[in-house]
Amino acid sequence: EVQLVESGGVVVQPGGSLRLSCAASGFIFDDYMLHWVRHAPGKGLEWVSLISWNGDITYYSDFVKGRFTISRDNSQNSLYLHMTSLRTEDTALYYCAKGLSSSGWGGYDYWGQGTQVTVSS
Amino acid sequence: DIQMTQSPSSLSASVGDRVTIACRAGQSISRYLNWYQHKPGKAPKLLIYGASTVQSGVPSRFSGSGSGTDFTLTISRLQPEDFATYYCQQSYSPPHTFGQGTKLDIK
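Quick note, the sequences are listed as chains H and C, same order. For the record, in the first sequence the residue sitting at position 51 is 51 according to the numbering used here, with numbers rising by one throughout. Count along the second sequence starting at 1, add 1000, and that's the number in the numbering used here.
Please keep in mind that the hints were generated in silico from the structure rather than gathered at the bench. For clarity, every value in this text was computed on a predicted model and none was experimentally measured. Warning: the hint list may mix true and false statements.
Stated by the list, open to error - As a list, the in silico DSSO-like pairs of lysine-lysine whose alpha-carbon atoms are at most 30 Å apart:
#	chain 1	residue 1	chain 2	residue 2
1	H	Lys43	C	Lys1042
2	H	Lys65	H	Lys43
3	C	Lys1045	H	Lys65
4	C	Lys1103	C	Lys1042
5	C	Lys1042	C	Lys1107
6	C	Lys1103	C	Lys1045
7	C	Lys1107	H	Lys65
8	C	Lys1103	H	Lys43
9	C	Lys1039	C	Lys1107
10	C	Lys1039	C	Lys1103
11	H	Lys43	C	Lys1107
12	C	Lys1039	H	Lys65
13	C	Lys1039	H	Lys43
14	C	Lys1045	C	Lys1107
What the hints assert, rightly or not - From the structure, some residues in chain H lie toward chain C, with a derived Cβ separation under 7 Å:
#	residue
15	Gly44
16	Leu45
17	Trp47
18	Gly107
Note that beta-carbon positions come from the ideal geometry of N, C-alpha and C, so glycine has one too.
From just these sequences and the hints, can you work out the full model?
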């Protein structure tokens, strides 16, 4: 059974930093592209970042570019999101998601339950 | 970035109705279009990928069509469990933008 379990979400002050983790199991981890998606209160789903199967290719939304860094450890079946210079507008439930393939084809077939990040003074 | 626009933003319907949600991409995305269902307190669920391929385990009342810039999601006979928010997403090129969502509620 495929499982994705996020952790690391907390309340943090504006300007602070945080690292989210996503522990994966039930599939061949290094065969797939992985993603972070967030859902802010009262808003829609917002794509945040993706990383290729081997970590060589990464992309970010304009909202987080230069502040967030996605990474993965294929030996630990883990995905990470290092978040810096946090803003109140980064407050959201952060999901990790598995791509259906190693490319962009097919969308995201498995999602974690999310970890809540709250940026507030 | 490729902008995705859904319509309508909200929709009221009854059990048994047929509903259609539209999604338009700001440029051609071939068939790299996915549809998700999202319920409060739950993770999003992939319904349709590649514009028209129904994900394993998804009921056959869900269907998708389109290519290029214009796409639709159709639910043929609404069931009580279908009331949720629906999102389209392009995965043609990063950022993999989502539409703004369509909230489907009970009339």
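Query raised in the report: Was the hint right that H:Trp47 lines chain C, CB cutoff 7 Å?
Result: holds, 5 Å
Query - Holds or violated: C:Lys1039 to H:Lys43, with C-alpha atoms at most 30 Å apart - result: holds, 13 Å
Query - Hint consistency between C:Lys1045 and C:Lys1107 [alpha-carbon to alpha-carbon, up to 30 Å] - result: holds, 23 Å
Report task. Compare the distance between the alpha carbons of C:Lys1103 and C:Lys1042 with 30 Å, and conclude whether the hinted pair is satisfied. Result -> holds, 15 Å
Query raised in the report: Between C:Lys1042 and C:Lys1107, is the straight-line Cα distance small enough, at 30 Å or below?
Result: holds, 23 Å
Query raised in the report: Has the given pair, H:Lys43 with C:Lys1042, been kept, meaning a C-alpha gap of at most 30 Å?
Result: Roughly 15 Å separates the two Cα atoms, so the pair holds.
Query raised in the report: Is the hint on H:Gly107 kept, meaning its closest Cβ partner in chain C is under 7 Å away?
Result: Where the cut-off is 7 Å and the nearest Cβ of chain C is about 3 Å from H:Gly107, the hint holds.
Requested in this report: Take a quick look at whether C:Lys1103 and H:Lys43 sit within 30 Å of each other, Cα to Cα.
Outcome: holds, 11 Å
Query raised in the report: Hey, C:Lys1039 versus C:Lys1103, does the alpha-carbon distance stay inside 30 Å?
Result: holds, 10 Å
Report task. For the pair supplied as a hint, C:Lys1045 and H:Lys65, confirm whether the alpha-carbon distance does not exceed 30 Å. Result -> holds, 26 Å
Report task. Quickly compare the C-alpha distance for C:Lys1103 and C:Lys1045 to 30 Å and report which way the hint goes. Result -> It holds: about 15 Å lies between the C-alpha atoms, which stays within 30 Å.
Requested in this report: Sort out whether C:Lys1107 lies within 30 Å of H:Lys43, counting only the CA atoms.
Outcome: Holds. H:Lys43 to C:Lys1107 sits at ~22 Å (cutoff 30 Å).
Hint 7 alone, counting from the list given before, is not met by this structure.
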